[in-house]
Amino acid sequence: METVAKRLYEGMFLVDSAQAAADWEGTLSVINNILQRADAEVVSMRKWQERKLAYDIDHKSRGTYILCYFNASGERIAGIEKDVLLSEKVMRVLILGTEKRPAEMIEADIKGEEVKAAEAEEATPEAAPAPAVEEAGEPEKADDETAAPAAEAVAPAAAESDAEETEKPAE
Amino acid sequence: MAPRQPQKGRRRRPGFAGARDQTQCRFCRGGIKYVDYKDIDTLQKLLTNRGKIYSRKRSGNCAGCQRKAKRAIKRARFMALLPYST
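So the protein lines, in turn, are chains A and B. Read in my numbering, the first sequence has 11 at position 11, and its numbers run on one by one without any break. Read in my numbering, the second sequence has 15 at position 15, and its numbers run on one by one without any break.
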C-alpha cells in the first residue's frame, strides 16, 4: 500500500475575536480537531493578529487570525476546508502550499517575528503589547486617500485618472 | 543642414525619479520573489481608496509582479484583510 507524501501547508484560520478572547484554548482545540481529522501533523500554531475586518462576516466586525503550519497530504485539504465550512466557530480558512515561499519567510512566520502593525496601530491597552519591532519597511506611507504609488513610479497623467475615480458618486 | 543642437532647458527637479528613470518595479527593486497576502501595508499601496487594484501603468509593476500582487490581494480580500472594491 502506498503512503501519500505529506507536504507542508500554511493555514490561516479566522475566528471571532470575542469568542477567542473568552475561550482561547477551546478555539485552538477546535482547529486542532479539524486538523487531526485530516491526519495533519501540526508544526506550529500561533495567533497572528487580532484586527478589524475589512468587511463584516456573519455580522461580526472583528476577528482573530490564527496562523498554522502543518504537514498533510494534498487529498485531505479539501476535507479541512469542508470541516471549516461546517464549523460554527471558524469563519474562514485559507490553506496554501509552501513550495513557492522562501524558507526564511516560513521560519519567520513560525517563530512569529513579523511586525504586528495592526496591533501597534490599534494599541489595545488591555494587552499591553511590546513595542512594535520596526523592520525595514517603506517609510513613505502617506495618507490613504492620495494613495502612494503615484509618488513612486507613475507619470503625472495617471493622477488625473485617480482624481476622476474619486469624484465618481457612489453607486 | 546644420546638426541638431541638444535641447536646453527642461530641468529636472532634483531627487525626482521620473517614470522612465525607474527601470524596475518595486518588488524587483527590493528583490522580493514572493508577494505575501499577509503583507497588508504593501498591498494597500496597490489599491485605490475604493479598493480597486491599480493598473500596471499606475503602480509601475512588471507583468510578473503584477500577477503575484493580484493573487495576493485576492487572497487578502477573501480573508477580510483588504476590502473588495465598492
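The reader is advised that the hints may include incorrect statements.
Below, a list of computed lysine-lysine pairs in the DSSO-like style, where the Cα atoms sit at most 30 Å apart [unchecked claim]: (1) A:K100 x B:K57; (2) B:K68 x B:K52; (3) A:K100 x A:K52; (4) A:K111 x B:K74; (5) A:K6 x A:K52; (6) A:K52 x A:K111; (7) A:K111 x B:K52; (8) A:K111 x B:K57; (9) A:K60 x B:K57; (10) A:K47 x A:K82; (11) B:K33 x B:K57; (12) A:K111 x B:K70; (13) A:K89 x A:K6; (14) B:K52 x A:K6; (15) B:K57 x A:K47; (16) B:K52 x A:K100; (17) A:K52 x B:K70; (18) B:K68 x A:K47; (19) A:K6 x A:K60; (20) A:K6 x B:K57; (21) A:K47 x A:K60; (22) B:K68 x A:K82; (23) B:K33 x B:K68; (24) B:K52 x B:K33; (25) A:K47 x B:K33; (26) A:K82 x B:K57; (27) A:K89 x A:K47; (28) A:K60 x A:K82; (29) B:K52 x A:K47; (30) A:K89 x B:K57; (31) B:K57 x B:K74.
No wet-lab data here; the hints were simulated from the structure.
Hints and how they fare:
1. A hinted pair counts as satisfied when its Cα atoms are at most 30 Å apart, and A:K100 with B:K57 qualifies at roughly 27 Å.
2. In summary, the hint linking B:K68 to B:K52 is supported, as the alpha carbons are separated by about 16 Å, within the 30 Å threshold.
3. Our distance criterion of 30 Å between C-alpha atoms is met by A:K100 and A:K52, whose separation comes to about 29 Å.
4. At most 30 Å may separate the alpha-carbon atoms for a hinted pair to count; A:K111 and B:K74 meet this at roughly 26 Å.
5. A C-alpha spacing of about 34 Å is found between A:K6 and A:K52, which places the hinted pair above 30 Å, so the restraint is violated.
6. Among the hinted pairs, A:K52 with A:K111 is consistent with the structure: their alpha-carbon atoms are about 24 Å apart, no more than 30 Å.
7. For the hint pairing A:K111 with B:K52, the CA-to-CA distance comes to about 33 Å; that exceeds 30 Å, so the pair is violated.
8. The suggested pairing of A:K111 with B:K57 is violated, with an alpha-carbon distance near 37 Å, which exceeds 30 Å.
9. With a C-alpha separation of about 37 Å, the suggested pairing of A:K60 with B:K57 is violated against the 30 Å cut-off.
10. Annotation: proposed proximity of A:K47 to A:K82 holds, straight-line Cα distance about 22 Å (limit 30 Å).
11. A distance of roughly 20 Å separates the Cα atoms of B:K33 and B:K57; the hinted pair therefore holds under the 30 Å criterion.
12. Proximity of A:K111 to B:K70 is assessed by CA-CA distance (about 27 Å); at most 30 Å being required, the pair is judged to hold.
13. Note on A:K89 and A:K6: the hinted pairing holds, with a Cα-Cα distance of about 27 Å set against a maximum of 30 Å.
14. Of the pairs offered as hints, the one joining B:K52 and A:K6 is violated, with about 37 Å between alpha carbons and a cut-off of 30 Å exceeded.
15. Of the pairs offered as hints, the one joining B:K57 and A:K47 is violated, with about 37 Å between alpha carbons and a cut-off of 30 Å exceeded.
16. Simply put, B:K52 and A:K100 have alpha-carbon atoms about 26 Å apart, close enough for the 30 Å limit, and the pair holds.
17. At most 30 Å may separate the alpha-carbon atoms for a hinted pair to count; A:K52 and B:K70 meet this at roughly 22 Å.
18. Between the alpha carbons of B:K68 and A:K47 the distance comes to roughly 26 Å, so the proposed pair stays at or under 30 Å and holds.
19. Proposed proximity of A:K6 and A:K60 is contradicted: the alpha carbons are some 35 Å apart, above 30 Å.
20. Our distance criterion of 30 Å between C-alpha atoms is broken by A:K6 and B:K57, whose separation comes to about 42 Å.
21. Taken as a hint, the A:K47 and A:K60 pair is honoured in the structure, with Cα atoms around 18 Å apart against an allowance of 30 Å.
22. Restraint check: the Cα-Cα separation between B:K68 and A:K82 comes to about 27 Å, which is no more than 30 Å; the hinted pair holds.
23. For a cut-off of 30 Å, the pair hint linking B:K33 to B:K68 stands: about 9 Å separates their Cα positions.
24. Distance restraint check for B:K52 and B:K33: the Cα-Cα separation of roughly 23 Å lies within the 30 Å cut-off, and the hinted pair is therefore satisfied.
25. About 26 Å separates the Cα atoms of A:K47 and B:K33, which keeps this hinted pair within 30 Å; it holds.
26. With a C-alpha separation of about 40 Å, the suggested pairing of A:K82 with B:K57 is violated against the 30 Å cut-off.
27. Among the hinted pairs, A:K89 with A:K47 is consistent with the structure: their alpha-carbon atoms are about 15 Å apart, no more than 30 Å.
28. Using a Cα cut-off of 30 Å, the hinted pair A:K60 and A:K82 holds, with the two alpha carbons roughly 21 Å apart.
29. A hinted pair counts as satisfied when its Cα atoms are at most 30 Å apart, and B:K52 with A:K47 qualifies at roughly 29 Å.
30. As the CA atoms of A:K89 and B:K57 are separated by approximately 42 Å, the hinted pair breaks the 30 Å bound.
31. Between B:K57 and B:K74, the direct Cα distance comes to roughly 20 Å. Compliance with the 30 Å bound is thereby established for this hinted pair.
Comparing the model with each earlier hint shows violations of hints 5, 7, 8, 9, 14, 15, 19, 20, 26, 30; every other hint is respected.
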